[in-house]
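Asks: What follows is each chain in one-letter form.
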Amino acid sequence: MDVFVDQFDVILRGFWTTIRLTGLSATVALVLGTVLAAMRVAPAPPLRWAGATYVDLVRNTPLTLVFVLVVFGLPELGFQLSFFLRAAIALSIYTAAFVAEALRSGINAVQSGQAEAARAIGMTFGQTLREVVLPQAFRTVIPPLGNILIALTKNSAIAEAFGVVEATGTFDNLIRDYPESFWALFIGTASGYVVIVLAISGVLRVVERRSVVLR
Amino acid sequence: MRAGRFRALVAAAVALPLVLSGCGGDDDDAPTDVAKDTNFEAGTTMAKLNEAGSIKIGVKFDQPGLGYKKPGTDEPEGFDVEMAKIVAAKLGLEPGDIQWVETVSKNREPFLQNGTVDLVLATYSITDKRREVVGQAGPYYVTGQQLLVRKDDSSIKGPDDLGGKKVCSVTGSTSIKTVEEKYKAAPVPFATYTECVQQLLSNAVDAVTTDGSILLGYAAQQPDKLAVVGEPFSEERYGIGFKKGDSAMCTFLSDTIKGAIDDGAWKKAYDDTLGKGGGEATPPTVDPCS
Amino acid sequence: MSTQAVLYDVQGPRARRRTAIGSIIGSFVVAAIVVAVVLRLNARGQFESEKWQPFSDPDIIRALGEGLVATLRVAGTAVLLALLLGTVLAVGRLSDRRLLRTPATWVVELFRAIPLVLLILFFFFRFGVTLGRYGALVAALALYNGAVLAEVFRAGILAVPRGQTEAAQAIGLRKSQVMRLILVPQAVRLMMPAIVAQCVVALKDTALGFIIAYPELLRTGQLIYNGYFNIIPTALVVAAVYVTMNLLLSRLAIVLERRQGRARPVVTLGPAEAPPPTI
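In order, the protein sequences belong to chains V, G and L. With the numbering used here as the guide, the letters of the first sequence map in order to residues 1 to 215. With the numbering used here as the guide, the letters of the second sequence map in order to residues 1001 to 1290. With the numbering used here as the guide, the letters of the third sequence map in order to residues 2001 to 2279.
Source of the hints: derived by calculation from the structure; they are not laboratory data. Heads up, the beta-carbon is just placed ideally off N, CA and C, and yes, glycines get one too. Accuracy of the hints is not assured; some may be wrong.
Claimed, not checked - Just a few of them, taken from the derived set where beta-carbon distance is under 10 Å, the chain V residues facing chain L: (1) Ala50; (2) Asp56; (3) Asn147.
Said to hold, decoys possible - Straight-line C-alpha distance at most 27 Å; calculated BS3-like pairs for lysine-lysine: (4) Lys1157/G x Lys1225/G; (5) Lys1151/G x Lys2175/L; (6) Lys1151/G x Lys1177/G; (7) Lys1225/G x Lys2051/L; (8) Lys1184/G x Lys1151/G; (9) Lys1276/G x Lys2051/L; (10) Lys1056/G x Lys1258/G; (11) Lys1048/G x Lys1244/G; (12) Lys1129/G x Lys1225/G.
With the hints as constraints, model all of the structure from the sequences given.
Replies: Shown next as structure tokens:
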């Protein structure tokens, strides 16, 4: 148990990196995912095709492979970024595809009458989306987005094999130095993740309740 | 691929294996003569292996120069592999009788304990902690933690120059901990050393650190771009792992290593593999069996 | 008609022109990005024949094939175990008895919160001697996917229209009979897309075996680029294999669904209801 006394700051630092990585990736993924969802429902066929291809490719590729391509590919394309940023980019690229699909289902879940009415009063595609459909889709979309966010938190653990020392990487390192504290370290690390996940679920439940849409 | 390109491809296909197999062996023969008149005490592990006519040896498959197996081929190559063949020869076994099992660092003790392998030669450093769970004979090679840097980067000559620099090694290795704690480097963990070297070549990290023997393997692959620098700042003594408590085996292995050093087989094994990276080889003094 | 289809009117001539311009610009941008990436990679020598030549080597192809088989083996076993575990946990979650419900809920929530990487490391370090790399990987995958499937099953059962349960109870069926005869058969049809999606997830998750050096497809790729220093080409080739495999699996699911006939799938568990794939 003395591992926690000696290495507490190391463990905390690891979790802080996890939180930062998740936060950054989540933000970028939400933005990118929204753009992709918009592309997928846009009137221009090439945009629809590009969006659909992106989603199909990325959703069917293991995240680890996305990491390999980003971490080793970005330097080849001329971008020298920190490993943290590369991990964030990989996670964002991957998660955005799922965000796009969740948003698209959310859009479809809104009653078509809403969009028809918007069209009837002369709103454009952009206005329809922005003023009528997306706000209503928002409420339906929260549970799936919450799941995606939780998945992102867990997926951040993959960064440990690509140059980022986050919570799982810290675990990997410490169990070799303190093999007798194996269970303590495992339970500690797992609890850390559970806490983060519970926090996210809690926040999302509050948001969901606040965004009840009166019909 | 167009015709002209294809022809170049075929030429490369012919040339490449020759270049790659440079590290390792053109050895269809054993590196030393297979013992014909073995005379082991009944009941010893050596006798059992000799009678069985086969042996399972754990080596690395992903360490160029020490234990590397090109995917799709059957035989690994490297210094550990050559030493393993020498041991097998003393048991009266041909290289073809050896069953090679990929052993990554995490597996070495479990594999010996549950009998997945009979021996382990996988950059296996001798430590007291390990000697509590498995037997280790040797060392058959002594190296130390060193640094691999880009040849055109002259700012790092040794571990003392590492302060604040980004140093890559494998997740959880002792090397990465040492540079972080003792030399204040910024650790960058990756899954394999090759990935570390790739990051070194693309200027994302400043150095790669692990046993000098492993680094020599990479330097040998790209001698114009990479170099091993600095004196070893830790000591790693590679031993042969075997099941704990088998003292007859310990004596046999120690004698085999000493014999190989004396009759030149050790030097030949080294020159064929690690020696190509330009390192100097000093045969180690073998520990007595306790 | 889904909302997606009604977001914009049938287009008049001006709208058509605008869409056409948008299309052209859009295509141009996308094409420009792709071309730029390819050119850049080419300048760095990523398309040199020596980096791609290993893939015409029959040894390498055989090794990739073996890696693929290993991946399928791990995924198959893990999915089967996960289906079993998921059923058990789902029954627990849906039970009327608090004694069953609470532990089942805890187990499910626990395994959905822990990263798969952590689980794999746990099994490998603690039980590596008995399980081996294959066993550790399968155990971690089965536990994790089992928890996710438990949620899918639960959502499926709950998605069967209430009327079915009420009618069954009205004619006097017991709870277990209601489950077995009425709910489960209908739920299975609803859940098929989500279950297949989870199979795809399991297939992709096997790639994490590289952390403990289990020789599945990704690790095989690692071993290849360890020797040839061709990380990008290898990654692209391996990615192509995964994408093909997963697309085929999804197609298979669609075919199966269609085969089951148009027997009144009143609702299907779309991505909004079923917990989406997590990795």
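Asks: Give a verdict on every hint.
Replies: Here is how each hint holds up against the structure:
The beta carbon of alanine 50/V comes within 5 Å of a beta carbon in chain L, closer than 10 Å, and the hint placing it at the interface holds. Annotation: aspartate 56/V was flagged as interfacial toward chain L, and the flag holds, the nearest CB pair being 7 Å apart, inside 10 Å. Below 10 Å, beta-carbon pairs count as interface contacts, and asparagine 147/V has one with chain L at about 5 Å; its hint therefore holds. Among the hinted pairs, lysine 1157/G with lysine 1225/G is consistent with the structure: their alpha-carbon atoms are about 15 Å apart, no more than 27 Å.
Simply put, lysine 1151/G and lysine 2175/L have alpha-carbon atoms about 75 Å apart, too far for the 27 Å limit, and the pair is violated. This hinted pair checks out: lysine 1151/G and lysine 1177/G have alpha carbons roughly 25 Å apart, not beyond 27 Å. Straight-line distance between C-alpha atoms of lysine 1225/G and lysine 2051/L comes to about 18 Å, which keeps the hinted pair within the 27 Å bound. The hinted pair formed by lysine 1184/G and lysine 1151/G meets the criterion: a straight-line CA distance of about 22 Å does not exceed 27 Å.
A distance of roughly 23 Å separates the Cα atoms of lysine 1276/G and lysine 2051/L; the hinted pair therefore holds under the 27 Å criterion. Proximity of lysine 1056/G to lysine 1258/G is assessed by CA-CA distance (about 22 Å); at most 27 Å being required, the pair is judged to hold. Under the criterion of a C-alpha separation no larger than 27 Å, the hint pairing lysine 1048/G with lysine 1244/G is consistent with the structure, at around 17 Å. Of the supplied pair hints, the one linking lysine 1129/G and lysine 1225/G is violated, its CA atoms being roughly 38 Å apart against a limit of 27 Å.
Violated hints, listed in ascending order, are 5, 12; each of the other numbered hints is respected by the structure.
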